[in-house]
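**Student:** Residue numbers (our numbering), protein chains in the order written: chain A, 651 to 1075; chain B, 651 to 1075; chain C, 651 to 1075; chain D, 651 to 1075.
Don't take every hint at face value.
Said to hold, decoys possible - List time: in silico SDA-like cross-link candidates among lysine to any residue, alpha-carbon distance up to 20 Å:
{"no.": "1", "chain 1": "D", "residue 1": "K692", "chain 2": "C", "residue 2": "G1015"}
{"no.": "2", "chain 1": "C", "residue 1": "K855", "chain 2": "D", "residue 2": "F1074"}
{"no.": "3", "chain 1": "A", "residue 1": "K1023", "chain 2": "B", "residue 2": "V715"}
{"no.": "4", "chain 1": "A", "residue 1": "K1010", "chain 2": "A", "residue 2": "E1020"}
{"no.": "5", "chain 1": "C", "residue 1": "K730", "chain 2": "D", "residue 2": "L1016"}
{"no.": "6", "chain 1": "C", "residue 1": "K993", "chain 2": "A", "residue 2": "N1035"}
{"no.": "7", "chain 1": "B", "residue 1": "K688", "chain 2": "A", "residue 2": "V1012"}
{"no.": "8", "chain 1": "D", "residue 1": "K993", "chain 2": "B", "residue 2": "N1035"}
{"no.": "9", "chain 1": "A", "residue 1": "K692", "chain 2": "B", "residue 2": "V1012"}
{"no.": "10", "chain 1": "B", "residue 1": "K714", "chain 2": "C", "residue 2": "G908"}
{"no.": "11", "chain 1": "B", "residue 1": "K976", "chain 2": "C", "residue 2": "V715"}
{"no.": "12", "chain 1": "C", "residue 1": "K1069", "chain 2": "D", "residue 2": "P842"}
{"no.": "13", "chain 1": "B", "residue 1": "K1014", "chain 2": "A", "residue 2": "P691"}
{"no.": "14", "chain 1": "A", "residue 1": "K816", "chain 2": "B", "residue 2": "L818"}
{"no.": "15", "chain 1": "A", "residue 1": "K858", "chain 2": "B", "residue 2": "E772"}
{"no.": "16", "chain 1": "A", "residue 1": "K714", "chain 2": "D", "residue 2": "F905"}
{"no.": "17", "chain 1": "C", "residue 1": "K1072", "chain 2": "D", "residue 2": "P842"}
{"no.": "18", "chain 1": "C", "residue 1": "K907", "chain 2": "A", "residue 2": "N1035"}
Unchecked claim - Stretch-level coverage of chain D by chain B, calculated; a stretch enters the list once three of its residues show a Cβ under 8 Å from a Cβ in chain B:
{"no.": "19", "stretch": "787 to 799"}
{"no.": "20", "stretch": "896 to 907"}
{"no.": "21", "stretch": "915 to 921"}
{"no.": "22", "stretch": "997 to 1005"}
{"no.": "23", "stretch": "1022 to 1030"}
To be verified - Cβ-Cβ distance ranges computed for the label pairs, FRET-style:
{"no.": "24", "chain 1": "B", "residue 1": "S662", "chain 2": "C", "residue 2": "E658", "range": "25 to 35 Å"}
{"no.": "25", "chain 1": "A", "residue 1": "K993", "chain 2": "C", "residue 2": "Y987", "range": "12 to 22 Å"}
{"no.": "26", "chain 1": "A", "residue 1": "K708", "chain 2": "D", "residue 2": "E843", "range": "58 to 68 Å"}
{"no.": "27", "chain 1": "A", "residue 1": "R758", "chain 2": "D", "residue 2": "K667", "range": "32 to 42 Å"}
{"no.": "28", "chain 1": "C", "residue 1": "K1023", "chain 2": "A", "residue 2": "L779", "range": "38 to 48 Å"}
{"no.": "29", "chain 1": "A", "residue 1": "L666", "chain 2": "B", "residue 2": "K906", "range": "53 to 63 Å"}
{"no.": "30", "chain 1": "C", "residue 1": "E658", "chain 2": "B", "residue 2": "K906", "range": "36 to 46 Å"}
{"no.": "31", "chain 1": "C", "residue 1": "Y987", "chain 2": "A", "residue 2": "L666", "range": "56 to 66 Å"}
{"no.": "32", "chain 1": "A", "residue 1": "T776", "chain 2": "B", "residue 2": "L779", "range": "53 to 63 Å"}
{"no.": "33", "chain 1": "B", "residue 1": "L779", "chain 2": "D", "residue 2": "K1055", "range": "45 to 55 Å"}
Derived by calculation from the structure, the hints in this document are not laboratory data.
All C-beta atoms in this analysis are idealised placements derived from N, C-alpha and C, irrespective of residue type, glycine included.
Below are the chains, spelled out letter by letter.
4 protein chains.
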Amino acid sequence: MVERYALEPLKSLWSLKSQYERWLEVELSVIRAYEELKIAPKGTYEKAKKNAYINVDKILEVEKVVDHDVIAFIKVATSKMGEEAKFFHFGLTSSDIVDTANSLALVRATKLIIEELKKLSEILLTKALNFKDLPTIGRTHGVHAEPTSFGLKFLSWHAEIERNIKRLEFAMKEISIGKLSGAVGNYANIDPEIEKLALSFLSLKPTKVATQVIPRDVHAFLIEVFALVASAIERMAVEIRHLQKTETLEVQEPFKKGQRGSSAMPHKKNPILCERLTGMSRIIRSYVNAALENIVLWHERDISHSSVERYMFPDLTTTLYYMVIKTQKLIEDLVIYPENIQKNIEITNGLVYSQRVLLKLVEKGLTREEAYKKVQEIALYCWENKTSFKDAVKKKFNLTEDEIKEIFDPKYYLRNVNKIFKRFQ
Amino acid sequence: MVERYALEPLKSLWSLKSQYERWLEVELSVIRAYEELKIAPKGTYEKAKKNAYINVDKILEVEKVVDHDVIAFIKVATSKMGEEAKFFHFGLTSSDIVDTANSLALVRATKLIIEELKKLSEILLTKALNFKDLPTIGRTHGVHAEPTSFGLKFLSWHAEIERNIKRLEFAMKEISIGKLSGAVGNYANIDPEIEKLALSFLSLKPTKVATQVIPRDVHAFLIEVFALVASAIERMAVEIRHLQKTETLEVQEPFKKGQRGSSAMPHKKNPILCERLTGMSRIIRSYVNAALENIVLWHERDISHSSVERYMFPDLTTTLYYMVIKTQKLIEDLVIYPENIQKNIEITNGLVYSQRVLLKLVEKGLTREEAYKKVQEIALYCWENKTSFKDAVKKKFNLTEDEIKEIFDPKYYLRNVNKIFKRFQ
Amino acid sequence: MVERYALEPLKSLWSLKSQYERWLEVELSVIRAYEELKIAPKGTYEKAKKNAYINVDKILEVEKVVDHDVIAFIKVATSKMGEEAKFFHFGLTSSDIVDTANSLALVRATKLIIEELKKLSEILLTKALNFKDLPTIGRTHGVHAEPTSFGLKFLSWHAEIERNIKRLEFAMKEISIGKLSGAVGNYANIDPEIEKLALSFLSLKPTKVATQVIPRDVHAFLIEVFALVASAIERMAVEIRHLQKTETLEVQEPFKKGQRGSSAMPHKKNPILCERLTGMSRIIRSYVNAALENIVLWHERDISHSSVERYMFPDLTTTLYYMVIKTQKLIEDLVIYPENIQKNIEITNGLVYSQRVLLKLVEKGLTREEAYKKVQEIALYCWENKTSFKDAVKKKFNLTEDEIKEIFDPKYYLRNVNKIFKRFQ
Amino acid sequence: MVERYALEPLKSLWSLKSQYERWLEVELSVIRAYEELKIAPKGTYEKAKKNAYINVDKILEVEKVVDHDVIAFIKVATSKMGEEAKFFHFGLTSSDIVDTANSLALVRATKLIIEELKKLSEILLTKALNFKDLPTIGRTHGVHAEPTSFGLKFLSWHAEIERNIKRLEFAMKEISIGKLSGAVGNYANIDPEIEKLALSFLSLKPTKVATQVIPRDVHAFLIEVFALVASAIERMAVEIRHLQKTETLEVQEPFKKGQRGSSAMPHKKNPILCERLTGMSRIIRSYVNAALENIVLWHERDISHSSVERYMFPDLTTTLYYMVIKTQKLIEDLVIYPENIQKNIEITNGLVYSQRVLLKLVEKGLTREEAYKKVQEIALYCWENKTSFKDAVKKKFNLTEDEIKEIFDPKYYLRNVNKIFKRFQ
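Chain A on its own, in the form it takes in the complex (with noise of 0.2 Å):
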């Protein structure tokens, strides 16, 4: 976890002591269970919680002797606790907390980002309506294409943010699972129905079959959409940056007063929030193999898998936290320069309406193949030589001053484009 990138509540959530708490969570909601159901005289559940005892420090110095972290908090958990200690991980393995813990762990986490992304791509779909009729030039390949909306793009990174949303939901669904079924996931030394009261205290399913652990497909599939995410994010970074090189300059990410750009230059006024987003989705990205590696275990499991996500899970849920919360704020904030985008328009000389007059020969009879070379070629001579297309177009084509204009225009770009925003009532 990089401490300046680790926002709360998500920064505590994969903290030590949150972490035993939650296996302590575990552990009590199976003893309820026991309770429940007439295995543990009444009261056992009460008292466990009451008398159980969590200590980070004493945990860890205790994991030095035995060498095992849930040994080690077990030890200290139940150290001031009487008879009902007995029923304190009876039946159960470490994975079986462990796994259960990370679910809930998983579940919160997820939870959180969704409630964010909502925010996002509440504040997106606004943009795009506030910018729908607002032309912009259309880049494809990075040069200049055909007019288009300015709002289209909010749109777009809106659509991309509500499949997320569903995709997330999808795997979420899938991690709200437990698993304490035991050493092997057979439920040698403990029955499914404990296993099923239990988990719902924690409002988790059973895994339908496990061995030692939960398979690790469930978790990966998680990670992936988290990497589908963090590229969304990415994909608005670079729009931004792009947009805002100075050449362009049709927004700007918004800049603190008194920030500084520069140490050197004091004019500078750069992306850097983008730019962060940028890495911090290679960072996510890079992630997705470790997590599709982590399914193969061997047999009824190995524990490679562990160590891998002691960095995984802390680290792709407080960045990608951080990530949908800074970009709330940059596409609210976002610098908009509506002068420059009209300009950047007409800096081709009318060439961006090239379609338009194909399409007009080919209205008026020619064929589609020689109204292109025809106008590919007044079309190449323009761009050379800087000259208006528009001047061109009218001296070598016998169309109307109404056709002119009908066709250098930019609204015309724009005259589907409600019914686009019509599917996102």
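For this one, chain A is given, so just place chains B, C and D on it according to the hints.
**Tutor:** Same frame as chain A, now just chains B, C and D:
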């Protein structure tokens, strides 16, 4: 594509010829829509369909001049048309064709993969049921843990394949979209109605909002799920490789008559298919990062994703298809040695029953901590001295013959297995 | 391998025929060593060479029965031999042949790549020298920073290619090893002298210690360097794509006569080669993880690396070769627009000289902190109001006309450039 | 950074405090150069050194306002200086400091890693020599192949570590560069002589040509080699895990007194360190792609690499250091069971000598093909029927008692092992 791993019908799906045919399929569906919406004269579609000319060599020849594959395709495809040529590609941009056709290919490939996965899933379930009652030793960390059901291995794989089928269906639904919205996705020269109708002929839906292309998160998501499927198969392959190790020898990959395991050592029978599948999974996983990087295209699109996809789409789908097909046979014909499975349970002289002794002692009044210490002491002694743990337990603890018998019975560990299986009915 | 990106001689290098020929090359070099060391009768080598029979279809046919490609090869290769067949593959295991032949192929491919990289490096240096004295705006964060030399861009690429050539040579030396030490690498049935002599005929050295195979870290290292080369090319490609953006337009990828940029928009000239190279780099990078996973083979080897390598070796080397060849031409014929380069320097109305003003004020006695604040204030004002920074500086600070002139001179920034270039002579 | 895996001195190396101290080290070395080259007055360096003020909390506080870490650092560091402050950061840009300091940190981390790798390499060589003459079964595909020397396993690891040390030294030499060439790398406001001299105080060399930053291929290369080291360790870890499998049990990871293998099963001793190392290797490998993506920065630099490096540099170096340190002890204290090693050779009833029978028959006049068929037939029969291959060979082939004895002798396979070891003297 690696020739030796390319099976039909996947192999042909990715031939240049098939690609051009898919492009034509899309172009024609648009013409059909123009006709149905009365923009093109009646009969245009039939004429275009009849006169369309696909000739791979010709197209490649033209491409050498124009350096653009779709333009070369259009030139050749319309070269024998009359008036109807005017409606060919009318209002469209190359990506409308390429991307919609890509969706068609991916949907078709995914469908084939799902179909075969369902067969595999069935095979796994059958095997699971067949071996439900066979005790085997469960292994965690590669070390004997406790007995479990041999059938549970297959059931666990079955469940993972089932999860993956669901994910694939989810991802396939996402990719079942086309895009006919022109150069920058704003329907400047085509009506959304045309798109909707044309795509319906291809069983696709319109992309809610596109740039020049369908957003690449949709493709990346599908590929991520492919990677999960590959990893699921790798997990089976690695388990079989483990179980076929000479010291273990509980199963063996089918070995054909006449097959040779080694050019040097005539006695060898090697799990080469499982090893091949393991390697293939690395290939498939390795593409995920490339697929994720493809999401972040510049502005209304850059074409950097295209070269990636020329490798990725054929490689991934043919390789995965191969993996699924081969795994079916692998599982179906897997040689299983029940006597070795049984023998292996007992090679630790009863140590694998240590938890049951522990729990019995807790039942009898010891604290978990005391019981653990006592049992561990004896267990480690027996382990080192290769003496019978059962005998030691008898000697050390005050247990009746019946209790001992009950504790050291592998069947005990299977008593809840039926409850697990019931979840899959 | 993607047909359209496979150039000769790389393409043929990976044909099945070439592979069998390399295998034969290795087998024959062993026979030659047996003969030279008087183990095989005189003339055995010549006879074996003469009677060796390579027929791709036959070998594939036999493979279908024995399910082992090397055994099939041996059967066919020796099918027309007499007594000399006894020494064919004598004391060897399949991997001796396959791995040694793999080294041959990789060394040959790498040599070809290095050769072309050297040409590319020269082209870059020439361009660097040609544009050494042309001022251009340096951009950091995509935002104008300070003027610099246009030639430095090329020089920086040249230096990176030079570093990569050195790394490639280092890695190629490592992979210039063969392995003829038998089934588990202990020379059980072959003398190390035979290996040494046979490999010397192939310009290879013995692996110091092998298992059944050459350790895969050697291959992984080479592939890692391939990925560095690909990234170096991607860096150039991305820079060109940036400089070709319509608003910037300082360079343009060569555009062939007759070429078409878009099926819809006749005016388009797109940097499609650069975009293709960008995508290819993703492909090459994506293989690194697979190559690394190949290192961890089980015991004296498992064969999981083999399927990976059937994809990876041909794909990586042909793609990289294509990239290098295409980049040569790209750089050589790059269209450069000096007037646009010059124009772009000034679009910020002098803001890019802000550091020079800052340093001048420090020289005149202000603290860095004071100077920064003053200059930033003016700079941000001019930026927002699009007014001349030069005028503002003149008005605000007590500077002579000569000082102003000196500060706002792009040439100033090039005064040390020759010193940089001297490092490359 | 994962607390529990961060060992000193690596842990402190990456503290914020150490980072600021390194930045100061770079700044002061520049001032020292200014003084030595008579640009700063005599005594400036000593004064700056004495008055420099580093206070982590203060710097973080200032950063909150200026949103730029280097500017915050400069403000605080110079806050107690007098005139000498003028030369602090004079002519430099932030990246001059950050990148040069990064090199310092990476060089220092790499040196520590190399140092420990050398110890590990020695430990491996010693083990190799100790077990040189112990026969063990060689396993290919996980299946018994032929006997070999147990010491060769260690020797093979030793050789791989040696290769990696060489690569690390090569990569470390590359990264032993700094960069003090200003905002866009053209020495606009600083003389190359200052850079050369200042860097020499830090034992670094100038980057031959930089942009605003040191080109990231240099860092990526180092990280790629880190990934090779991690994979080498993973290879050992996986082998030990295999050999510790209950059925094989030839070695055992050291197990501390008081340690507990499982919370449920008191008998368990698990190779948890090896599994942890396996997982860590996944983490380290996963960063390679991110490091490669960092190469392709925009123009004279974008800062997207920075957030990546905040995770990557500390994580990679501390984790790798941990891995090396832990592996030393693992190998040194590895529990080895020679009797099990010996026993396992014979569990196939002599099948592992099949090649020797084959070669003997060829020697006696059979063709390789005939011999293979005959031996395979018997071998597969014995395998299936678990009968003695030695007896079958005796019965079937006309071999003397001495020939049989010679063929079925594991020592035979070690006869050339000394020749391999000689290569390492």
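**Student:** Need the status of pair A:K1023, B:V715: alpha-carbon distance at most 20 Å?
**Tutor:** Measuring from Cα to Cα gives roughly 14 Å; hence the hint holds.
**Student:** Under 8 Å between beta-carbons, do enough residues of the stretch 1022 to 1030 of chain D, three at least, approach chain B for the coverage claim to hold?
**Tutor:** holds (count 5)
**Student:** For the range 25 to 35 Å, tell me whether the beta carbons of B:S662 and C:E658 fit it or not.
**Tutor:** Taking Cβ atoms as reference, B:S662 and C:E658 lie about 26 Å apart, which means the hint holds.
**Student:** Holds or violated: are the alpha carbons of B:K976 and C:V715 at most 20 Å from each other?
**Tutor:** Holds: B:K976 and C:V715 sit about 17 Å apart, inside 20 Å.
**Student:** Quick one, are B:K714 and C:G908 close enough, alpha carbons at most 20 Å?
**Tutor:** Satisfied, since the Cα-Cα distance of roughly 10 Å is no more than 20 Å.
**Student:** With a cut-off of 20 Å on the C-alpha distance, tell me whether C:K907 and A:N1035 pass.
**Tutor:** 17 Å, holds
**Student:** Holds or violated: the 56 to 66 Å window for the beta-carbon distance between C:Y987 and A:L666?
**Tutor:** With Cβ atoms ~60 Å apart, the hint holds.
**Student:** Quickly compare the C-alpha distance for A:K714 and D:F905 to 20 Å and report which way the hint goes.
**Tutor:** Roughly 13 Å separates the two Cα atoms, so the pair holds.
**Student:** Tell me if the beta carbons of C:E658 and B:K906 are separated by a distance inside 36 to 46 Å.
**Tutor:** 38 Å, holds
**Student:** Count the residues of the stretch 915 to 921 of chain D with a beta-carbon closer than 8 Å to any beta-carbon of chain B: does the count reach three?
**Tutor:** holds (count 7)
**Student:** Against the range 45 to 55 Å, how does the distance between the Cβ atoms of B:L779 and D:K1055 compare: consistent or not?
**Tutor:** This hint holds: roughly 51 Å between Cβ atoms.
**Student:** Range first: 32 to 42 Å. Now tell me if the beta carbons of A:R758 and D:K667 are that far apart.
**Tutor:** 33 Å, holds
Consistency note: the structure conflicts with none of the earlier hints.
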